[in-house]
Amino acid sequence: MSAAPADLVRFSLREPERLCEFSPSSWELLIRQARSAGLLARIAVLLERRDLLAGVPPGPAAHLVAARTLATAQQDEVLREVAHIGEALRPLSTPVILLKGTAYLLAGLPASLGRTFSDVDVLVPRDRLAEAEAALMLAGWATTHPSAYDQRYYRRWMHQLPPLQHIRRQTVLDVHHAILPDTARLKPSSRRLLEAAEPLEGHPGFSTLSPPDLVLHSMTHLFHNEDLSRGLRDLSDLDLLMRHFGDRRGFWDQLLERSRELDLERPLYYGLHQAHAILGTPVPPSTLERSKRAAPPWPLRSVMDRLWSNALIPDRSSRRSMTPVALFALYVRAHWLRMPPGLLARHLAVKATMQPR
Amino acid sequence: MLVSDLTPRALRQQLHGSGLRLRTGPVVTRVRSRLDSVADGISLHYANHAAEDGAGFADFNVSVERPQGFRRWIAPQVVFNVDDASSFAPLPGDQGFPMLEWGLNWCISSHCHQFLIVHAAVLERGGKAVLLPAPSGSGKSTLCAALAFSGWRLLSDELALLDPQHGHVVPLPRPISLKNESIEVIRAFAPRATLGPVVRETLKGSVAHARPPEESVSRDTESALPAWVIVPRFSPGGEARMESMPKARAFMGLVASAFNYNVHGREGFRALTRLVDAADCYQFSYGRLEDAIPLFDRLG
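Residue numbers (my numbering), protein chains in the order written: chain D, 939 to 1295; chain U, 546 to 845.
Don't read these hints as lab results, they were simulated from the structure.
Glycine residues also receive a C-beta, built at the ideal position from the N, C-alpha and C atoms.
What follows is a set of in silico ranges between Cβ atoms, one per label pair, in the way DEER data are often shown:
hint: 1; chain 1: U; residue 1: Asp639; chain 2: D; residue 2: Ala1283; range: 44 to 54 Å
hint: 2; chain 1: U; residue 1: Arg778; chain 2: D; residue 2: Asp1120; range: 54 to 64 Å
hint: 3; chain 1: U; residue 1: Gly562; chain 2: D; residue 2: Ile1105; range: 48 to 58 Å
Here chain U is said to cover these stretches of chain D; the calculated rule only asks that three of the stretch's residues, wherever they fall, bring their Cβ under 8 Å from a Cβ of chain U:
hint: 4; stretch: 958-968
hint: 5; stretch: 992-998
hint: 6; stretch: 1001-1013
Can you make the complete structure from the sequences, with help from the hints?
Now the structure itself:
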């Protein structure tokens, strides 16, 4: 066994061909860690693409096959759901931009390999938001957060409508007008994102963000997220996105340039460095170096780098004693970045005293 | 090695330590617990099951424990953990063994998507399997226990594991869960059945488990093709009646009883249509087991 037990999931994302060296107890731990990280199906697909799934011992292989079957079903459901959304929003004649996993899947990007889904994310121009919501309600989507406080919280401060759920199919849809809350420190311009969006081939009415924006959004999402239980999954998405787009001429320069235009240089710094350090993403050294301009000042920088690497590697049964501390620190940080302190204190006070529904 | 080969001391050592690796059909579960009720329940109900070598692969890591805290001294509870995270609300203190059983059902039905899993009892005779899909309260488990002690081989009391490609049912012989009146009914009908202690005031009322017959456990690698789909319904005082059921309705009944039909998409549809095409489908109502079993014995 050459891998340290704490790093089994990371190890299998980086070097799937070496999983055949695993002992039964390592397989057992890998299946547990990969399941809680949401990466079991991805590992299954990585093995399948290298014709290695047949070599996995029957015990763990059953779990890999089961997870892949579940992910395939979820992807089929997302494809059907997108068709329904297209139908509902067609009267608007505004481009609807698919975000995150939905975009990777519809664009056929490698980042959709073995990806699991819990909802669909779309972005529409802010001035068309009310029309989009009305059209979706007519087609059977209803809010999941009916309380007056939640409604106001989302509509006034957040970057999306309160999540919608379809009354018959029970599927969840997040309609965004921006990629960060209005109250967040960083202010990426939705107008610029919409202007650069690219029509999705074969899916009239739908677009995706341009490749650099897709990567920047993925980074922004990960490095503003208060719940990092699926952090390594998101980092793996980023890794697959950058491996895919990285060969395009001028991609890395565009990425740096675009991060300045969109006020996302800090998330870019974290994204490039963590993906490179944890998953070996082939980021050119000059790009890594130039992104450091946006790094936090010393000594905060080394603290943050440690926190991220602790939080992003699955902790279950690992011996990294810092993980809970790191997760809590990043949880506080995510809230800090999303809202000014006064507003955050007020929001948390209301949430703490509200009757659970 | 079988669970019954372990001394009570050795069994407890495993349960208290790194875990007992318990094989139930295709699933191996590493069970840890410091509760006597769980140790006793396992030694009674899983006596004929294999306790595998500790170093091998386990599909699930579960534990049933008392939560820490002040409450344990006043009104003790039990919690079920999967992979060190608790997934269910705690239950009152004496429900350790039923909780292990429900927890294992949950592990299998929510993760083992290599199978199309139907909420159904399955038994086999002469190489042919009968599937009894039905919601709780329909008398399915009572009928299943009665058949299991009347010459039918038990494949499963709760979860029919269908291989979606080949259509056979993979055995998962585990204790049969009996509720309320059916506990006494089975005691009277099958005196040689081994029943565990009755646990009262659970979410499902009073619960007792029956140990699966030894032969059903020792033959747990022999799968069987379904030849009958029979939807049972208990009707107090009623006669036993077996009526033919349209295949489309039997199909819809299986879909409604399936845990993961949606996960299998087109292949799931094909698997279930093939199943009902090849099987005789009946609706069965009964009031007394003594009348019910002969009708099953006359099948095919």
